[in-house]
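**Q** Based on the provided sequences and hints, a complete structural model is requested.
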Amino acid sequence: MKRMPAVAWKETLHLLRDPRSLVAALGLPVVLLLLYGYAVDFDLKQLRFVVVDQDRTASSRQLVELVRAVPQLVYSGHAETADEVERLFAERRASMGMILVPGFERALKERRPAPVQVLIDGADGSTAQIAQGYASGAVLAAGQRLIEREARAMGVPLRQLQSGFEVRPRVLYNPNLESRVFLVPGLVGLILVMLSASLTSGVVVRERERGSFELLAASPVSSAELIVGKLLPYLVLATSDVVLAVGMGWLVFGVVPQGNLLLLFALSLVFVLSALALGLFFSCVARTQQTAIQLSIMATVVPTMTLSGFAFPVRNMPLVLQVLAQLLPATHFMVISRAIILKGVGLAEIWPNVLAMTVLSLLLMRAAVRKFRKTL
Amino acid sequence: MSAIETCDLTKRFGDFTAVDRVNLEVAPGEVFGFLGSNGCGKSTTIRMLCGLLLPSGGEASVAGLDVRRQAEQIRQRVGYVAQFFNLYADLTVEENLRFYGGVYGVGADLLERVERWIARLSLGALRRQLAGELSTGQQRSLALAAAVLHQPAVLLLDEPTSGVDPLARREFFDVIGELTAAGATVLVTTHVMDEAERCHRLAIMNRGRIITEGTPKALKEAGAVERWKLAARPAAAALELAEQQPGVATVALFGEDLQFTLQAGAQPAALAAALRAAGLSCGEPEAVRSTIEHSFLELIRRDDAAAETRAEVRA
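Which chain is which? The protein sequence lines are A and B, in order. Per my numbering, the first sequence starts with residue 1, numbered consecutively. Per my numbering, the second sequence starts with residue 1001, numbered consecutively.
The hints are simulated quantities; they were obtained by calculation from the structure and are not laboratory data. We put the beta carbon where it would ideally sit given N, CA and C, even for glycine. Some clues are possibly wrong.
[As the list claims (entries may be wrong)] Some chain B residues judged to face chain A by a derived CB distance under 7 Å, without partners named: (1) 1016; (2) 1076; (3) 1082; (4) 1179.
[To be verified] Listed next, the stretches of chain B that the computed footprint assigns to chain A, with coverage defined by at least 3 CB atoms under 8 Å from CB atoms of chain A: (5) 1097-1111; (6) 1253-1267.
[Claimed, not checked] Below, a list of computed lysine to any residue pairs in the SDA-like style, where the Cα atoms sit at most 25 Å apart: (7) A:2 x B:1111; (8) A:2 x B:1217; (9) A:2 x B:1072; (10) A:2 x B:1116; (11) A:374 x B:1073; (12) A:374 x B:1086; (13) A:371 x B:1076; (14) A:2 x B:1194; (15) B:1217 x B:1305; (16) A:371 x B:1086; (17) A:374 x B:1105; (18) A:374 x B:1056; (19) B:1229 x B:1169; (20) A:374 x B:1054; (21) A:371 x B:1073; (22) A:2 x B:1076; (23) A:374 x B:1071; (24) A:2 x B:1094; (25) A:374 x B:1072; (26) A:374 x B:1061; (27) B:1217 x B:1072; (28) A:371 x B:1111; (29) A:343 x A:355; (30) B:1217 x B:1263; (31) A:374 x B:1017; (32) A:374 x B:1083; (33) A:371 x A:209; (34) A:371 x A:289; (35) A:2 x B:1070; (36) A:374 x B:1010; (37) B:1229 x B:1291; (38) A:109 x A:32; (39) A:374 x B:1015; (40) B:1217 x B:1306.
**A** Written out as structure tokens, the structure is:
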């Protein structure tokens, strides 16, 4: 490894001489976070809802009145059935529905749980996440006021009616939203994949295009020294991206990391290795830098955005895709990142994902090293 | 022991034999020149010698090490300057040299050696210049410096001076002289004839094979043919007529003059007479001093002619 520092230093110089890659490495996380962050915020101010009142009683009408009074919910009419609500979702004319089934008032009067179903358009995962909590909260608050009125009208103490109300939120298209804010932890993974794969996709093919690869091949430098030396600067860069993304999530969006940040950084490194390996692999395969970049983006960014659970929960996917998703290091990193940042858990809870991700990273790295040796 | 030795060294790419049973022996301290036109197999031979290509057949050893089995050790003992500029254009002169010193494992005295070679190759004023901004000659100097930092026993130079002006070329060969005086062996490919004359020995390569080898003097004599020049106007018409003149073996235009060689028994004055008879103004033929370039072209011509004859016989 005595020749490795020369390689790492040279690769760093390339990075510093080409401001575009540095700007991409440090600017992209900022842009992505702001983009995703504010797009979500904008959508929530316009939560339009429709009502299906099948109970048609004084109580049900009162609840509708109370919900309509919530300023952030925009009332956009009545519907007859749940199917009709679904159709309105598809036409994007509403993104929330409140269904009062027959027997609502009777249940309330008989002090049984009175069911209120809240439907949320889950097509946009990150919006639905917040919309669901928001709508449920609003309906619950309205229900609370309704119960207070009923109690006053019936002349009974409030706590006797307290248990008599139940909101059943259901998210259509995407029913299993789990964490509060999954945007930031997911973006950390996406950013890492984008940068690592696209930056390293150049490291071999660029030298081949310039002809400098021949001199490297004629020198006594070993492939291990070359690989470590070439990847080291990008590893450092990727780590600073994790810090940047987590820091921005914290300062700009108020996502306070709950867990051990050192653990998160360490596991990010393992994850980054898998993306670096893919970049390196395609750099050995491709004939031009452009092809290498396109191939590695196809192989990393696209599956990360669609399959890893970044936007759509894995468990809602068809079985084939679920299996495929398990083969992506990004899928495991999404779980790990959310678990550490949002839930604050440690290794004890996430070790299966850590293990799977590590194994996948090592396998990918092995394939890349083999390909690299052959190229040399 | 020879510094470079090959025995029937062969490289095939599919059906094409790029290097065909090449036998070479280069002694330590020797400057050995490899002559030949583009695509004759020089570069492929060099790439096999520095371990970049595996031979398809035959044996080769460099600095006493086998190219098949000891490629790793060979790399440490060989310096290689490739045909095209392939240092890092976005790194400075100094950074390039430090990098190559680093990958060749030069230790504590790396900076000292870099300084020595920057001074020797007059790169001092350019040390902070990006390599991509240098002139071709400066780039070749830099490539040479990068190749010798680790004090290789054998230096393989693949057309190190293509695109370099004569002055810089002379400096290049002065450095090569110093290196061999210090014990290094140099194998250099070229098609520049004044460089060929500075080699101790030469081999001429044509269509993958070495067709002849010897000292520059010996090769010059081997290919020497009586050669004449003749001033005739208009030159284009004179060339056309001369090509059809019986007894003329080869003819070409050099500047404003015709240069020609004759078949056995033919007289130079006969061509002058024929041109005058055709109404052209024409001087007297003069003998031309034969250069190594003439000999080189003649030797290649003979080899091509022999190959054609062989092909016809087979057909």
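**Q** Run every hint past the structure and note whether it holds.
**A** Structure-based check of all given hints:
A distance limit of 7 Å between C-beta atoms decides the matter here; for residue 1016 of chain B the minimum to chain A is near 21 Å, and the interface restraint is violated. Because the smallest distance between the Cβ of residue 1076 of chain B and any Cβ of chain A comes to about 4 Å, under 7 Å, the interface hint for this residue holds. Of the supplied interface hints, the one on residue 1082 of chain B holds, with its beta-carbon coming within about 6 Å of a beta-carbon of chain A, less than 7 Å. Because the beta carbon of residue 1179 of chain B sits about 18 Å from the nearest beta carbon in chain A, more than 7 Å, this interface hint is broken.
Evaluation of the coverage hint for the stretch 1097-1111 of chain B: fulfilled, as 8 residues show C-beta separations to chain A shorter than 8 Å, against a requirement of three. Check result for the stretch 1253-1267 of chain B against chain A: violated, 0 residues qualifying (beta carbon to beta carbon below 8 Å, three or more required). Note on residue 2 of chain A and residue 1111 of chain B: the hinted pairing holds, with a Cα-Cα distance of about 16 Å set against a maximum of 25 Å. A distance of roughly 47 Å separates the Cα atoms of residue 2 of chain A and residue 1217 of chain B; the hinted pair therefore is violated under the 25 Å criterion.
For the hint pairing residue 2 of chain A with residue 1072 of chain B, the CA-to-CA distance comes to about 16 Å; that is within 25 Å, so the pair holds. With a C-alpha separation of about 23 Å, the suggested pairing of residue 2 of chain A with residue 1116 of chain B holds against the 25 Å cut-off. For the given pair, residue 374 of chain A sits about 19 Å from residue 1073 of chain B by alpha-carbon distance, which is consistent with the 25 Å threshold. Between residue 374 of chain A and residue 1086 of chain B the alpha-carbon distance is near 21 Å, which keeps this suggested pair within the 25 Å criterion.
Proximity of residue 371 of chain A to residue 1076 of chain B is assessed by CA-CA distance (about 24 Å); at most 25 Å being required, the pair is judged to hold. For the suggested pair residue 2 of chain A and residue 1194 of chain B, the alpha carbons sit about 42 Å apart, so the restraint of at most 25 Å is broken. With a CA separation close to 24 Å, the supplied pair residue 1217 of chain B and residue 1305 of chain B stays within the 25 Å bound. Among the hinted pairs, residue 371 of chain A with residue 1086 of chain B is consistent with the structure: their alpha-carbon atoms are about 23 Å apart, no more than 25 Å.
Between residue 374 of chain A and residue 1105 of chain B, the direct Cα distance comes to roughly 23 Å. Compliance with the 25 Å bound is thereby established for this hinted pair. Distance restraint check for residue 374 of chain A and residue 1056 of chain B: the Cα-Cα separation of roughly 18 Å lies within the 25 Å cut-off, and the hinted pair is therefore satisfied. A C-alpha spacing of about 29 Å is found between residue 1229 of chain B and residue 1169 of chain B, which places the hinted pair above 25 Å, so the restraint is violated. A distance of roughly 13 Å separates the Cα atoms of residue 374 of chain A and residue 1054 of chain B; the hinted pair therefore holds under the 25 Å criterion.
With a CA separation close to 23 Å, the supplied pair residue 371 of chain A and residue 1073 of chain B stays within the 25 Å bound. Restraint check for residue 2 of chain A and residue 1076 of chain B: satisfied, since their Cα atoms lie roughly 14 Å apart, inside the 25 Å limit. Between residue 374 of chain A and residue 1071 of chain B the CA atoms are separated by roughly 15 Å; this keeps the pair inside 25 Å, and the hint holds. Between residue 2 of chain A and residue 1094 of chain B, the direct Cα distance comes to roughly 20 Å. Compliance with the 25 Å bound is thereby established for this hinted pair.
About 15 Å separates the Cα atoms of residue 374 of chain A and residue 1072 of chain B, which keeps this hinted pair within 25 Å; it holds. Under the criterion of a C-alpha separation no larger than 25 Å, the hint pairing residue 374 of chain A with residue 1061 of chain B is consistent with the structure, at around 23 Å. For the hint pairing residue 1217 of chain B with residue 1072 of chain B, the CA-to-CA distance comes to about 37 Å; that exceeds 25 Å, so the pair is violated. Distance hint between residue 371 of chain A and residue 1111 of chain B is unfulfilled; the C-alpha atoms sit about 35 Å from each other, more than 25 Å.
Simply put, residue 343 of chain A and residue 355 of chain A have alpha-carbon atoms about 19 Å apart, close enough for the 25 Å limit, and the pair holds. Restraint check: the Cα-Cα separation between residue 1217 of chain B and residue 1263 of chain B comes to about 24 Å, which is no more than 25 Å; the hinted pair holds. Between residue 374 of chain A and residue 1017 of chain B the alpha-carbon distance is near 23 Å, which keeps this suggested pair within the 25 Å criterion. Restraint check: the Cα-Cα separation between residue 374 of chain A and residue 1083 of chain B comes to about 23 Å, which is no more than 25 Å; the hinted pair holds.
A threshold of 25 Å between alpha carbons decides the hint, and for residue 371 of chain A with residue 209 of chain A the separation of about 18 Å falls inside it, so the pair holds. Of the supplied pair hints, the one linking residue 371 of chain A and residue 289 of chain A holds, its CA atoms being roughly 17 Å apart against a limit of 25 Å. Between residue 2 of chain A and residue 1070 of chain B, the direct Cα distance comes to roughly 20 Å. Compliance with the 25 Å bound is thereby established for this hinted pair. Annotation: proposed proximity of residue 374 of chain A to residue 1010 of chain B holds, straight-line Cα distance about 22 Å (limit 25 Å).
The hinted pair formed by residue 1229 of chain B and residue 1291 of chain B meets the criterion: a straight-line CA distance of about 14 Å does not exceed 25 Å. The suggested pairing of residue 109 of chain A with residue 32 of chain A is violated, with an alpha-carbon distance near 51 Å, which exceeds 25 Å. Of the supplied pair hints, the one linking residue 374 of chain A and residue 1015 of chain B holds, its CA atoms being roughly 23 Å apart against a limit of 25 Å. Between residue 1217 of chain B and residue 1306 of chain B the alpha-carbon distance is near 24 Å, which keeps this suggested pair within the 25 Å criterion.
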